[in-house]
Amino acid sequence: MEIDTETAVEKRVIINNVMCLLTDPDGAPLGAPMYLPQNIGPQQLQLIVNQLLHNVTIITLLLSSIV
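Using full-length UniProt numbering, the letters of the sequence shown map in sequence onto residues 1 to 67.
These aren't lab readings, by the way, just hints derived from the structure by calculation.
Where hints are given, some of them may not hold.
[Stated by the list, open to error] Simulated restraints, written as ranges between beta carbons of each label pair:
no. : residue 1 : residue 2 : range
1   : 10        : 66        : 50 to 56 Å
2   : 10        : 45        : 15 to 21 Å
3   : 55        : 10        : 25 to 31 Å
4   : 12        : 35        : 30 to 36 Å
5   : 40        : 66        : 51 to 57 Å
6   : 11        : 66        : 21 to 27 Å
7   : 66        : 33        : 23 to 29 Å
The model shown is predicted, which means the values in this text are computed figures rather than measured ones.
Where a beta carbon is used, it is the ideal one built from N, C-alpha and C, also for glycine.
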């Protein structure tokens with residue numbers, strides 16, 4: 001009896017992570033450094049940046065309402 005080794009062996013894909021510090025065009029950090037998958041694409045990065053910018057906007061609005 002023959003065993004199909006292609007299906008018997010689990011295939012694993014290794015994706016490395018890199019530590020990134022996302023910044024605005026002036027070089028100001030958009031948040032804390034974070035580990036991101038090495039194969040992250042522009043669309044995923046844009047979603048992360050938009051979320052970080054949105055959080056900064058909310059914090060700025062909250063702080064300005066206190067002062």
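List, from low to high, the hint numbers that the structure doesn't satisfy.
Those not satisfied are hints 2, 3, 4, 5 and 6.
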